[in-house]
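Novice: Chains as they are written, first to last, in the numbering used here: chain A, 1 to 161; chain B, 162 to 322; chain C, 323 to 769; chain D, 770 to 1216.
Just so you know, these hints were derived from the structure itself, not from any lab. None of the hints are false.
In silico BS3-like cross-links for lysine-lysine, where the CA-CA straight-line distance does not exceed 30 Å:
1) C/K421 x C/K586
2) C/K380 x C/K438
3) B/K169 x A/K8
4) B/K285 x D/K827
5) D/K1089 x D/K1033
6) A/K124 x C/K421
7) A/K114 x C/K380
8) D/K1033 x D/K885
9) B/K285 x D/K868
10) B/K319 x B/K275
11) B/K169 x A/K7
12) D/K827 x B/K275
13) C/K380 x A/K124
Reference listing, derived: stretches of chain B covered by chain D, where coverage requires no fewer than 3 residues with Cβ under 8 Å from a Cβ of chain D:
14) 248-261
15) 310-316
Note that the structure is predicted; figures quoted are calculated from it, not measured. The C-beta atom is built at its ideal place from N, Cα and C for all residues, glycine as well.
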Amino acid sequence: MNLEELKKLVRLMNSNDLVEVEIESADSKVRLKKAGANAPTYAMSPMMAPQAMPMPVPQAAPPAAAPGAPAAKAGDPVEGDSVTFNSPMVGTFYAAASPTADPVVTAGDKVQRKPVLCIIEALKVMNELTADLHGEILEVLVGNGEAVEYGQPLFTIKPKK
Amino acid sequence: MNLEELKKLVRLMNSNDLVEVEIESADSKVRLKKAGANAPTYAMSPMMAPQAMPMPVPQAAPPAAAPGAPAAKAGDPVEGDSVTFNSPMVGTFYAAASPTADPVVTAGDKVQRKPVLCIIEALKVMNELTADLHGEILEVLVGNGEAVEYGQPLFTIKPKK
Amino acid sequence: MFTRVLVANRGEIALRIIRALRELEVETVVVYSEADEEALYRRFADETICIGPAPSGKSYLDIPRIIAAAEVANVDAIHPGYGFLSENADFADICRSCKIGFIGPSPETIAMVGHKARAKELARSAEVPVVPGSEGLIDDEGEARRIAAEIGYPVIIKASAGGGGRGMRVAHSELVLVREMQAARNEAQAAFGDGSVYIEKFIERPRHVEVQIIADMHGNVVHLGERDCSTQRRHQKLIEEAPCPVMNEELRQKMGEAAVRLAKAADYVNAGTVEFLLDIHGNFYFMEMNSRIQVEHPVTEMVTGVDLVKEQIRVAAGEKLSFSQDDIVIRGHSIECRINAEDPAHNFRPSPGRVGLYVPPGGPGVRVDSHLFSGYTIPPHYDSMVGKLIVHRATREEAIETMQRALSEMIIEGIKTTIPLYHRILRHADFQAGEIDTGFIDQFLAS
Amino acid sequence: MFTRVLVANRGEIALRIIRALRELEVETVVVYSEADEEALYRRFADETICIGPAPSGKSYLDIPRIIAAAEVANVDAIHPGYGFLSENADFADICRSCKIGFIGPSPETIAMVGHKARAKELARSAEVPVVPGSEGLIDDEGEARRIAAEIGYPVIIKASAGGGGRGMRVAHSELVLVREMQAARNEAQAAFGDGSVYIEKFIERPRHVEVQIIADMHGNVVHLGERDCSTQRRHQKLIEEAPCPVMNEELRQKMGEAAVRLAKAADYVNAGTVEFLLDIHGNFYFMEMNSRIQVEHPVTEMVTGVDLVKEQIRVAAGEKLSFSQDDIVIRGHSIECRINAEDPAHNFRPSPGRVGLYVPPGGPGVRVDSHLFSGYTIPPHYDSMVGKLIVHRATREEAIETMQRALSEMIIEGIKTTIPLYHRILRHADFQAGEIDTGFIDQFLAS
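Make a model of the complete structure from these sequences and hints.
Specialist: See the structure below:
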């Protein structure tokens, strides 16, 4: 790799806020590291680690802190092509319309456009949450009756292509 | 990779705030790391910058901070194959034996084994400093009558092979 | 005492409240927006709840979200801090109807003291001196002329709904009175959707001197001396100190008692501040009352030895004040500099972003209230104040020396701050002599 | 006043002295070893001079190097801090012969109070109570038996040159007296190259209570109350507080006056500390006098409002004390925890190395004296104390609450510290009740 290619690489780092790059091929290997590359890690206290974990792309700030992360609608991409469906409000999560009823959805369900997924109780009001997509429910991430905070992942969903 | 290419690489690092560069190819491997690379750059206060400048040899701490750096004798390697001769004590630097006399050595002088290079006055005592090598004086780094601190580079010398 | 309290604020005041609650051994819940995910003080709370995205309208100012958080967290009281919902009577009222304690005065008191004209009437009724002027609003120009002539020029025209200097105009003669009044009306209409104005005597070279009071639910009201906040830029306080450099014990008594009278007239409970203008002759005039803990409360804490935040939590829980008026003695001199992420060299434009190395000053006489830490990224969505540097020393002179020393060792790499400005102000002869009025900084910056 | 002073020390005390000099507007020169190149406080000095490599024998303890630095920097005084050369009479003498001011007592005073036996004789002559025991050294076993019988068992055998607990043995009966004396002799010989010992009455469950004094060159000597340093591990102080929890005004007067008598007898000038043992009956006995500023001086500063370091610089420059005995009033309660880079879980082994994130606590009642910063590497060559956390509150109870709060928000990533130990100590019923003696911690750790 010559100096010109290196410079291009550095520009790429600068413009994309990358702090470390490593390229290895059959016959060559290049590794670049920015000043303070290790620094931001301490900005993440233990409790932030979860949100900071599953990001395939390196970035300086925890992803959830990125302004305007779409919460109520299809949420943040995670591994593969599935998405998380995040809570749009603080409240209490109910999987079913009533204590006696069955859960609205369970893992494995195929859901159609605008399905009701769950109920969040806030300020004594029951709010039905609908998803703006259709696909397969991979996982229900919250237990019935649990308190949830804003932006907390509730379901992982594999959208239908 | 020759010295010129190395220097270019170092300039690239400086201008882009890089602290670590590693280039490996089939037949060669180059790895450059800045002083305190693992310390966040902000750990370096302005006055430490000089020592923290590009060193082709990887080391964690600024060179002067390396334990037991050989000060009185041949000093730290710098670019190419020359060395710095550092002050073994705090005191006042005199290039000549007396105010009227000529400097003991000047740039360009070839010096033989154990030459006297200068006088450091400390505690009213004149200390003749001799170098444990012979070669060519490339530069005199301190002015006559200046105060010098421990480990401060006084001369750069190109040792005779 | 409360067992669990929710902190409905952010930044340094959220940290300040968490500290008080921890020392009182009360469980702490703090809410935060997505922009404050990184906030270190979340580590010090027993529980943290994300309530919304970065914009405060959808987080710290959103009453339903905060009430919902209080309910899921099952707290028995909310501390609103300053700003945001701290002086929102509706919020205090909703807390009450939800059976959640509000650490502050009653909704009725908040509403009353929050309304300029009503607050002024209240002051008159409590025989607290007010700036001579129109009793209530003015729309008729003839009336304006009559009153202006009566109280004498210069006069100032103020918007009823005003604040931050908007809708304020000074008239130095009858010639310009009507035009300035018109201008004030238009500004007020544009800024607050309310064009109503009133007229007051314009006090020249006044000091901003405010009195800290605190009241419990058992009828006890105590004043804790004054703060001089004359060092302000465009009505935004930069430096506050206690005591006021020109104060004497007799005047302190008079102002303190006036503040207590007003608090009693307003059925005031919890911590509050009565702001006065002090003219060069030692006359003081009521400006307004703030029904919250204030940014500059630390200087009062330093010279009185009273922890105001702990005390306001105790009285909100129904306890009696832990001290009486006689226990309050002013000792030494305290100065606070507000550290803002602004660039004084470029018209104080905000300078958010990532902080590199952060080193707060320390040593004797120094207190730092800040949520900063090395590697923290200051979000662009909120107030630019990122910390407060407070000193407390035996004399004002020594306090200034310590403040200069502390400012010079405070390191905040990566952003611009107001620290360089404070170096210049503290060196200024007028500041060192304590000869400052509310116009000092604006003239200082103009020069 | 001095125009330029050299700080001949490192770490937190170097920073503390620099802070005092800056506030006094005295130019500051600080020396450093290659291991302290990274020290942030170098930024706050007007000039910094590298004097040698890491080992203190070739830097901070090397008199010629420090004098040479003082001469090239052209300073008019040297502040030695504590440790290193601070109690070295030869160094003080060389400073004098080089016409460089030494911020501390005269070489003669340092030598006299530094010699245990001579200091004890001095105390007797000044009618300062001393622990009953042998007047001077003992080598004859018979004499040892006679004295032990006279003062009554248990007795303690101490090395004349001793310190840090080495060369100290307790004998509970005549049976073991000779053996213990022999053991003490051997330890002392090995540790200090001087096997001479003396015998004292062994005080059971004593408190370590020391009195701070300061004297000017004009014959004025003032005591600033006491510090209780009973919380020590193997004679190393961990926690200090002022006032002493069991002190009363009458006893404070008696101890203070005794300390002043001793200082006058020693022609003492500058700041000093007289250490006493206080037994459970309120009897106090002179232990030793320290002729330097002490690590724990801040707790005295907090409760008296006096800046001891500034004051000792002023008196060294020939100024009169800025206060008299009547001006000294003890207000509130102050506690200091020494933050050491040691692992309490592994027998306090040193834990130097690179600090990641460092966040000192702040807010009301909290003072931090530390040279730490995020990204700093603690060199392995020196003392393990990396900072002091000090609190000052209205009562001891509140001070303990604030200290617990402050400890819980102090973040020092990357190394082990004594913070977890302090959490445990402050929760301990005996500590909270103030019922501690010099054996408290060792028993506490054993249990």
